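Protein chains in written order, with this note's numbering: chain A, 26 to 281; chain B, 59 to 136.
Note that these hints are calculated values from the structure, not bench results.
Quantities reported herein were computed from a predicted structural model and do not represent experimental measurements.
Honestly, I wouldn't trust all of these hints.
With beta-carbon atoms standing in for the labels, derived distance ranges [said to hold, decoys possible]:
| no. | chain 1 | residue 1 | chain 2 | residue 2 | range |
| --- | --- | --- | --- | --- | --- |
| 1 | B | Cys124 | A | Lys82 | 16 to 24 Å |
| 2 | B | Gly117 | A | Arg242 | 18 to 26 Å |
| 3 | A | Glu109 | B | Leu120 | 41 to 49 Å |
| 4 | A | Ser259 | B | Asn80 | 38 to 46 Å |
| 5 | A | Ala227 | B | Val75 | 39 to 47 Å |
| 6 | A | Lys268 | B | Leu98 | 25 to 33 Å |
For lysine to aspartate or glutamate, the following EDC-like pairs were computed, each having C-alpha atoms within a straight-line distance of at most 20 Å [claimed, not checked]:
| no. | chain 1 | residue 1 | chain 2 | residue 2 |
| --- | --- | --- | --- | --- |
| 7 | A | Lys82 | B | Glu113 |
| 8 | B | Lys122 | B | Asp111 |
| 9 | A | Lys33 | A | Glu73 |
| 10 | B | Lys69 | A | Glu73 |
| 11 | A | Lys82 | B | Asp111 |
C-beta atoms are modelled at their ideal positions from N, C-alpha and C, and glycine is treated no differently.
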Amino acid sequence: MIALTQDKIETWKILQSLHNVKAGGHVHFVGTIRDDQGILGLRYDCYETMALSEIKKIVEEAKRRWPVIEASVVHRIGWVPVGEEAVVVAVACAHRKEAFEACEYIIDTLKHEVPIWKMGEGAQECCAHTTSSPVLADITGVILAGGKSSRFGTNKALVPWKQHTFIEEVLHTMQSVFDRVVIVTNTPEVYQHLGVEMLKDAIPHQGPLGGIEVALRECGSSFVVACDMPLVTSEEIKSILSKRSQKSEAVIAFTR
Amino acid sequence: MTLYFFSILKKYFPSPVEIDLNEPKRVQDIFLEQLGKKQLDVSYLKFVRYAVDCEYVSGDTLVKDCREIAFIPPVSGG
Chain A
26 MIALTQDKIE
36 TWKILQSLHN
46 VKAGGHVHFV
56 GTIRDDQGIL
66 GLRYDCYETM
76 ALSEIKKIVE
86 EAKRRWPVIE
96 ASVVHRIGWV
106 PVGEEAVVVA
116 VACAHRKEAF
126 EACEYIIDTL
136 KHEVPIWKMG
146 EGAQECCAHT
156 TSSPVLADIT
166 GVILAGGKSS
176 RFGTNKALVP
186 WKQHTFIEEV
196 LHTMQSVFDR
206 VVIVTNTPEV
216 YQHLGVEMLK
226 DAIPHQGPLG
236 GIEVALRECG
246 SSFVVACDMP
256 LVTSEEIKSI
266 LSKRSQKSEA
276 VIAFTR
Chain B
59 MTLYFFSILK
69 KYFPSPVEID
79 LNEPKRVQDI
89 FLEQLGKKQL
99 DVSYLKFVRY
109 AVDCEYVSGD
119 TLVKDCREIA
129 FIPPVSGG
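Throw the hints in and build the complete structure from the sequences for me.
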């Protein structure tokens, strides 16, 4: 079930719709309107046709990445009072682990990709609930995948990780933060299936610095990670970006 | 074709706008033109995404015969 509705969401009906004897793990996420600064509720506006098609794409991608048996997404639009459900995502898989991961992927991606907006009680945009800022929209997420993996022996970017690969995990995280994400590689044919913009090193095989150089030249302000860093989270990226100031030209994270 | 504006942009464009194009034009230039008509700051360019016929596209995408273009500020569903 994929739907946008002006009516109160009946979560139990959505959970019931997932019933499948082959599913041993059911995970659902329910987003409700919380009492924040005395608001009575929030109004959701949306670009309906695109919102539905984007949600369908996200569910299809989740099914491609994890063995999802059933998945439902229902989002409320119009006025939603405090305490009521705004969104329900429910996933059924054979096992709990993939159900948790697929459910998290669907809600996280929905919040960044689907054209739905929270508004305050009046007609003004509810800034406190906006997930991305104009500042982040000016930065490009850059994934370095130009290494030869000579010590590792095989292309690290394509190492299997959580039903997909290292680079897909990194890409998903970066796309949840940045509007524009590019991969710097000298073998674009290897990553063509990811459907992402790609750049080539100006001088190949100069290590990460060559990739950073082409990213800065082509994209301007950039946030750079390597393709073999699947554990980097969007919270860590935002934390690093928050350390920027007018006086700094770069922010670098390192271990002590 | 119809231009749709959402979220914060609706304040300035409360209704969809109809336009006709005689030759291909970049979606970003169409947006700039609309901003200019309302004397709005071009800083909106930094955070608005574009969709042509319900598919996200880059600002460089050329359009001529599409049905609709949407100008999409940062989304906040969920």
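- Which earlier hints turn out false for this structure, listed by number in ascending order? none
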